[in-house]
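Peer 1: Sequence:
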Amino acid sequence: MPGTGGETGIIPAPPGNALKEALRAATFFLAGHDIARIQPFGAGNINDTFLVTLHSGGQRILQRLNPAVFPEPVLVMDNVRLVTEHLRQERNRNGIAPAQFRIISLFPGRTGDFYRAADGSAWRLMTFIADSRTCQVIRREKQAGELGRTLGIFHRLASRLDPGRLAETLPGFHLTPRYLQHYDRIAASQDGKDGAEIAFCRAAIDQRRAMVTVLEEARGQLRHQVIHGDPKVTNFLFDRDGDRVISLIDLDTVMPGLLLHDIGDALRSCCNPGGETGRSGQTAFAPELFRSWLRGYFPAAGFLLTDEDRTRIIAAVLLMTFELGLRFFTDHLDGNRYFKIRFPGQNLQRALVQFDLAKSIEQQAGTLESIVNDTAAAGPGR
Numbered sequence: 014m015p016g017t018g019g020e021t022g023i024i025p026a027p028p029g030n031a032l033k034e035a036l037r038a039a040t041f042f043l044a045g046h047d048i049a050r051i052q053p054f055g056a057g058n059i060n061d062t063f064l065v066t067l068h069s070g071g072q073r074i075l076q077r078l079n080p081a082v083f084p085e086p087v088l089v090m091d092n093v094r095l096v097t098e099h100l101r102q103e104r105n106r107n108g109i110a111p112a113q114f115r116i117i118s119l120f121p122g123r124t125g126d127f128y129r130a131a132d133g134s135a136w137r138l139m140t141f142i143a144d145s146r147t148c149q150v151i152r153r154e155k156q157a158g159e160l161g162r163t164l165g166i167f168h169r170l171a172s173r174l175d176p177g178r179l180a181e182t183l184p185g186f187h188l189t190p191r192y193l194q195h196y197d198r199i200a201a202s203q204d205g206k207d208g209a210e211i212a213f214c215r216a217a218i219d220q221r222r223a224m225v226t227v228l229e230e231a232r233g234q235l236r237h238q239v240i241h242g243d244p245k246v247t248n249f250l251f252d253r254d255g256d257r258v259i260s261l262i263d264l265d266t267v268m269p270g271l272l273l274h275d276i277g278d279a280l281r282s283c284c285n286p287g288g289e290t291g292r293s294g295q296t297a298f299a300p301e302l303f304r305s306w307l308r309g310y311f312p313a314a315g316f317l318l319t320d321e322d323r324t325r326i327i328a329a330v331l332l333m334t335f336e337l338g339l340r341f342f343t344d345h346l347d348g349n350r351y352f353k354i355r356f357p358g359q360n361l362q363r364a365l366v367q368f369d370l371a372k373s374i375e376q377q378a379g380t381l382e383s384i385v386n387d388t389a390a391a392g393p394g395r
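In case it helps, this note's numbering puts the sequence shown at residues 14 to 395.
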């Protein structure tokens with residue numbers, strides 16, 4: 014999903030109607046301001062994002078929520094507001110987060126918190142975090158440590174927020190058995206689609222069916238609290254001139270969940286230096302980045318994890334990797350209804366990368382388990 018940082022790549026201009034709708038939305042929020050420019054911003058898979066520049070020099074992020082993914086925008090906005098207010102209170106109360114850690118704000122419009130377009134989609138206006146940049150991939154251990162530390166800070170700040178206060182905006186999110194059931198329904202009607210890559214994905218799924226309940230079976234023994242829901246690399250903003258993370262953005266998916274969902278998904282994204290759009294067959298999970306990420310996370314939030322959490326970290330990384338590959342492949346078979354694509358077959362390519370990554374994780378499981386044990390033995394932090 015798109016972010017709010019300072020150097021995310023600008024994508025080609027959308028059709029004129031999209032820019033006109035963006036201008037109407039911006040005017041809803043910025044009445045009385047002189048809007049100098051609106052331009053597409055970011056390259057998210059779900060929402061459409063624009064950078065609004067004012068003649069005063071100020072900038073804002075304008076975002077259209079994808080109604081196919083978020084049919085209840087009011088609930089999404091309520092969750093974001095509740096979580097950001099709580100994070101600020103906790104940050105100021107106990108000094109856990111560093112002073113430079115930024116938390117986004119939502120700007121209300123003249124007659125409401127969001128603009129409702131004629132097509133039913135909702136638009137919102139948010140903070141633009143200046144002097145920041147995003148990374149598409151992580152290749153340096155220091156950066157990996159920063160990602161782990163920042164997610165740990167987020168989990169620690171969110172740990173005192175009652176999960177029951179948040180609405181469930183994406184029912185079944187990260188419920189892997191449900192994604193597998195959906196795949197089975199779609200695949201059953203797609204028998205005519207074949208080829209080596211399709212066959213590879215089908216086989217990769219069939220080989221791993223037994224693992225889809227690995228977290229659900231132990232749910233009662235795992236840490237459950239408010240989680241981010243989508244802690245991939247591009248949702249962390251680094252300072253412009255260094256390797257320090259200054260914000261964790263894209264809070265649409267904040268919801269009650271398992272810490273291992275966040276941890277597994279973050280490690281899946283961080284420890285793939287080839288990226289999600291890399292070439293199939295050249296994807297490998299990087300244990301040195303894995304070690305650095307854990308060394309960042311454990312001092313910040315390791316104490317939140319139960320013993321069962323710690324023993325299932327590798328399983329969580331593998332599960333989240335498999336789940337994303339499963340979702341990409343299902344969407345490819347189903348006509349790319351969920352994830353946006355920029356060329357035919359992109360979701361198939363994305364799926365191949367995730368299944369290659371899953372294989373690499375499996376091949377290194379012993380090494381990765383040793384890293385977890387060594388890191389946990391050093392202390393969980395408080």
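Don't read these hints as lab results, they were simulated from the structure. It cannot be assumed that every hint is accurate.
[As the list claims (entries may be wrong)] Here are the computed lysine-lysine pairs in the DSSO-like style, where the Cα-Cα straight-line distance is at most 27 Å:
(1) Lys33 with Lys155
(2) Lys372 with Lys245
(3) Lys353 with Lys372
(4) Lys33 with Lys353
(5) Lys155 with Lys245
[Claimed, not checked] Between beta-carbon pairs, the in silico distance windows are:
(6) Ser69 with Glu98: 44 to 52 Å
(7) Ala44 with Gly233: 45 to 53 Å
(8) Leu67 with Glu210: 44 to 52 Å
(9) Ala390 with Arg191: 44 to 52 Å
(10) Glu181 with Leu32: 27 to 35 Å
(11) Leu119 with Pro84: 15 to 23 Å
Because the structure is a prediction, the values reported are computed rather than measured. The beta carbon of each residue, even a glycine, is placed where N, CA and C say it ideally should be.
Peer 1: Work down the list of hints and note, for each, if the structure agrees.
Peer 2: Here's how the hints hold up against the structure:
Annotation: proposed proximity of Lys33 to Lys155 is violated, straight-line Cα distance about 42 Å (limit 27 Å). About 20 Å separates the Cα atoms of Lys372 and Lys245, which keeps this hinted pair within 27 Å; it holds. Annotation: proposed proximity of Lys353 to Lys372 holds, straight-line Cα distance about 26 Å (limit 27 Å). For the hint linking Lys33 to Lys353, the alpha-carbon distance of about 21 Å falls within 27 Å, and the restraint holds.
The hinted pair formed by Lys155 and Lys245 meets the criterion: a straight-line CA distance of about 17 Å does not exceed 27 Å. For the hinted restraint 44 to 52 Å between Ser69 and Glu98, the CB-CB distance of approximately 27 Å leaves it violated. A beta carbon spacing of about 51 Å between Ala44 and Gly233 agrees with the range 45 to 53 Å that was offered as a hint. Checked against the given bound of 44 to 52 Å, the beta carbons of Leu67 and Glu210, roughly 47 Å apart, stay inside it.
For the pair Ala390 and Arg191, the supplied restraint of 44 to 52 Å is violated, since their beta-carbon distance comes to about 36 Å. Distance hint for Glu181 and Leu32: a CB-CB separation of about 34 Å, consistent with the stated range 27 to 35 Å. Between Leu119 and Pro84 the C-beta distance comes to about 19 Å, which sits within the given range of 15 to 23 Å.
In summary, the structure is inconsistent with hints 1, 6, 9 from the numbered list given earlier, while agreeing with the others.
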